[in-house]
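Based on the provided sequences and hints, a complete structural model is requested.
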Amino acid sequence: MPQLEASVIDFQSETYKDAYSRINAIVIEGEQEANENYIRLTELLPDSKEQLLGLARMENRHKKGFEACGRNLSVAPDMEFARQFFAQLHQNFQQAAAENKVVTCLLIQSLIIECFAIAAYNIYIPVADDFARKITEGVVKDEYTHLNFGEEWLKANFEASKAELETANRQNLPLVWQMLNQVETDAEILGMEKEALVEDFMIQYGEALGNIGFSTREIMRMSAMGLSAA
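Number 70 in the working numbering belongs to position 46 of the sequence shown; there are no gaps in the numbering.
Calculated from the structure, these hints are not laboratory results.
Treat the hints with care, as some may be off.
Stated by the list, open to error - Below, a list of computed lysine to any residue pairs in the SDA-like style, where the Cα atoms sit at most 20 Å apart:
| no. | residue 1 | residue 2 |
| --- | --- | --- |
| 1 | 125 | 63 |
| 2 | 158 | 146 |
| 3 | 41 | 208 |
| 4 | 125 | 176 |
| 5 | 158 | 148 |
| 6 | 125 | 71 |
| 7 | 88 | 100 |
| 8 | 165 | 148 |
| 9 | 125 | 60 |
| 10 | 165 | 150 |
| 11 | 179 | 247 |
| 12 | 73 | 176 |
| 13 | 88 | 99 |
| 14 | 125 | 195 |
Predicted, not measured: the structure shown is a model, and the values here were computed from it.
This is how it looks when you write it as structure tokens:
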């Protein structure tokens, strides 16, 4: 199914608004989770507290922007659905934080969640309504900053972090494919192809792993984890 163009999408149809209620909730909840995760990371990385608090504030601004996108289309986001959508990643982050596993926390938030967001926003922008497009274009520029924080910290601590990164990848990356499968139908109604989402995520995630210090062979092995579920 080829990617739709925004000009052929009826943003006011009941079908579109129904799907949008879940997708919009996911991005709102994703930004809220990110805000809370960066605040929690200040406890694990006190030397980076100010930078992390700055990222948390940025995520909160993004959340408000996406709430405005829903109001613009007169759509109430299905937040209960979104909380369930993120439940397993949320639980894994909280557990890692409780065990002081900063590497696992950074992989979940700064790599998986940020790459997931960047991929979704990249695919959404060409098919968004005018109001949402402007908001999303601003957000996606910021997300690269957040991705960069995790990359730089993990790169500086690569040898000490490598084994934990591989374990965390094995535990958490398969969840991304389960999450994509959950919203495949809704995403298509909004004009977002699942194959395009998977491809963009794989590119972002692979580049991030490469920037940290993994070899091409290692990246291919790690990226394939759980891909059969996609």
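- Task: Mind listing which of the numbered hints don't hold for this structure, in increasing order?
- Result: none
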